[in-house]
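Enquirer: Build the full structure now, drawing on both the sequences and the hints.
Protein sequences, first through last, are from chains S and Y.
Counting from 1, position 571 in the first sequence corresponds to residue 571 in the numbering used here; the numbering is continuous, with no gaps.
Counting from 1, position 118 in the second sequence corresponds to residue 118 in the numbering used here; the numbering is continuous, with no gaps.
Careful: at least some of the hints might be erroneous.
[Claimed, not checked] To give a feel for the contact side, a few chain S residues facing chain Y, derived at Cβ under 8 angstroms: (1) 87; (2) 162; (3) 171; (4) 175; (5) 220; (6) 238; (7) 274; (8) 281; (9) 284; (10) 286; (11) 354; (12) 448; (13) 490.
[Unchecked claim] Counterexamples of contact, computed for chain Y against chain S with all Cβ distances above 10 angstroms: (14) 167; (15) 170; (16) 229.
[Stated by the list, open to error] Label pairs and their in silico Cβ distance ranges: (17) S:187 / Y:85: 47 to 57 angstroms; (18) S:527 / Y:167: 57 to 67 angstroms; (19) Y:72 / S:213: 25 to 35 angstroms; (20) Y:51 / S:444: 24 to 34 angstroms; (21) S:306 / Y:167: 49 to 59 angstroms; (22) Y:320 / S:441: 54 to 64 angstroms.
In short, the hints are calculated from the structure, not lab data.
These numbers come from a predicted model, not from an experiment.
Every residue gets a Cβ at the ideal spot worked out from N, C-alpha and C, and that includes glycine.
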Amino acid sequence: MGAARRPGITRRPGTTRRRGTTAPAVTAGAAMLVLALAAGCSSDAAAPAAGGAAGGGGAGAASPRSGGTLRLAVEKEPECLDPHQSPTESARLLTRPLVDSLVYQDPHGGLHPWLAREWTVSDDRLTYTFRLREGVTFTDGQKFDASAVVANLDHVVDPKTKSLLAGSLIAAYESAKVIDPLTVEARLKRPDSGFLSALAQPNLGIESPATLKGPASKLCAVVVGTGPFKSDGGFTPQKGIDYVRNPAYAWAPEGAARGGPTLLDRIEVTVVPDNSARLGALTSGQVDAVTGLAPAGIGTLKNTPGFALHTTRFPGANYSYWPNTAKGPLSDVNVRKALRAGIDWRRIVKNVYFGVYDGADGPLSASTPGYDHSVAAAYGYDPAEANRLLDQAGWTQRDAQGYRTKDGKRLALRHMWSDPSVSNLAVQIQAAAKQLGVELVEENLDGGTFVNRLLSGDYELIDTSFSSPGPDVLRVLFGADNIPTPKRGISNNMARYDNPEAEAAFKRALGAKDQAEQFGVYAEVQRRITEDAAVLPIYSPLSTLAAREGVRDVRFNVDGTPDLSGIWLAS
Amino acid sequence: MAGVLKTSPAGAAARNGRRSGQGRETLVRLVLVRLAASAGVLWGAVTVTFVLLQVMPGSTADVLLARSSVGPEVRAGIIAEYGLDDPLPVQYLTYLGRIVRGELGESYVLRRPVWDEIAAQFPGTLLLVATTLLATVVASVVLGVVSANRRAWVRSLFASAESLVVALPPFWLGLLLLTVFSFTLHWFPAIGSSSPAGLVLPTAALAAGPAAVVAGVLREGLLRAMDEPFVVTARARGIGEAALRLRHVLRHALLPVTTLLGWIAGSLIGGAVIIEIVFSRQGIGRLALSAVTNKDMPMVIAVVLVTAVAFVLVTIAVDILTWVIDPRTRDAGR
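Expert: What follows is the structure, given as structure tokens:
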């Protein structure tokens, strides 16, 4: 497939910023029997563990207690619940309790057995053979076996499913066949080092084959899997979804918090789109936990006794300004480097977001498996260097308003907003750029105009973040095959970056024989991108779950969504 | 609009017995005219919606797939299945044909039959509109009757208070009510639209503005009616002051109010979006908002159709009420 269409989400016109989709990512099946590729890549800041560490907010670590209902308010809804169809982060959060995957990926990116007990990969890396766990049943009573796996993979890639993400996560998939009831063999069209970690995403979660034969519209409401919870009523738009414990559950992945059935009896999820209403519902005791608090709300909650804030940095690309490297003033690498060095991004982020978000140290957030620490030094504040670079680039004259000019033309950069909510940040950055003599023209556009301008490359800067559980997201964001064009449609290389060295590296990464090799290649890519200043990273977005103190053992999945199944209630 | 209704009530026809044959013809003609007019309204609504969605920038396929990651085959499949590359007149006629056959299709985004979604979300909207109308009527009648009685300066005090309430943005009022009565006093739930208690705050937030407007109109009407000669006649017959106000004067003053209420009810049916969001209520307004942003044509058209039908029904209800309240309209136009 060339780099192309793995994951991706682009800005959704009119809704909130997309820290949407997961790209698949990471990891390779090694050539031989691969079992429990233990974590390895310790991500700095131990970010993924931050939430779990809070555990219970201190007071006497009570032993886990069974029972109770977790009432959770979420900010977004999935539109269609079926993770095979839906590309949304919300669908991943809400289906993870319902569906298990063949492979489990821990928060550091390590791969472990789950519904597949073990697997082998052929030497040409085109054939994956999975030995399945025995005695697993779906919550509708059906048995889980090899034919269920084949039915699921085929369902995902069936054009009739109109999969908006899952299909592209396994774009290399060709076919699967049943070897015996507990052995299944999957064939790929070409090597793909991200295949196993793609299988670990909820988007490739295993659903009851009986339900897959029914109408697709039914799957948008009710998803039946082998998971620790079930939901007979399913998801109701603008309302939510209720889960009850699956008492038969005995196949939690290795490395998960608990082996048997969950401690919670029920989970009731309500969709509460308004930020203040969600915060108020939590602090007034109407719900036990909420996701997606805005930074202001996080600030308020930090000072409210009786509540705990669980956070992790979303893995994937930081919230960044993406410069149009193909045309206009930002096609000059010196101008891009000048913007990177000449604006005090960290100070601005601290001011605008009440110290809630961390500044960024590279194209990837530091919690991403495969993040390369060595690039961090290049992202410091150095106004003198910035001015020198701009002079060197020929923007030496100044006009009446103090902006730099070259050949009588002002250094003006049009910034298309991903979302009106970026305005506070954008205004501060605009003021800082003015100090450098650079004019930022802020453009808050309707969705359709945004799309048209994105496709035609008619912009200098776009802002957005892009969550993804591995460094493979770099291929999605910087691969030449992913430059949005009218013919290709929306795609995610907003920097319109096209670099032969990076292209060669992406090919090597796909063919990598294991995770270590893949991470090594992507470390090179991170250095290449940093050298080219192909992105101006600003901060690492946070996944948050704010809860009353009785809510214990809050952990996060590899994609940054909270893991609801591990939670228990101390009160 | 009052045309149809004046013939339908049996009493009116009986009283005008000698014209009954002619009346029946008139009735049939008027019914046909009314049906045609309603169909015209719906056709117009659908057409305008279709044109507006096409005029919005961005191709439907690009907007629909904006957030997704699909290969060329899936993209082509979606375009073909929804007929997005058909010429516009073909798309338009296909839509009209489907609507005439009663097939509203499946939502592009929710991927469920449009009717199922409307059926799921509409009750929440209807309930909220109903309670809001009820609250508006009760509050404005009480306010109007009470304040019309007073001296000029008291009345202007009421009038200024009403102007202030009208100026409050409903979402702000909603958040204020939430903070005070839900988050602080814990009297009402902030989320969950199913319980009766959950209706109180959104109803209050939505009804405040309309109630203030209607109360003002009602007071003016009451004052004007008090100057009418029939008041002197009624008083001369020795009627009590309270009975005079409620039975005679109020009835006059209610006419403009009824029309106003009809308009308010109509605009609340797709227009309560912000209150629906603030109170996390299910409703057709939120459905419409997300459908429009996503260029979800089948859903937008269905919401517009349902809203237009509701508007037509409300208008008819207003005509009936007018007929009941004011006997003069029964013979008007004869």
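Enquirer: Of all the hints numbered above, which does this structure not satisfy? Sort the numbers upward.
Expert: Structure breaks hints 4, 11, 17, 21.
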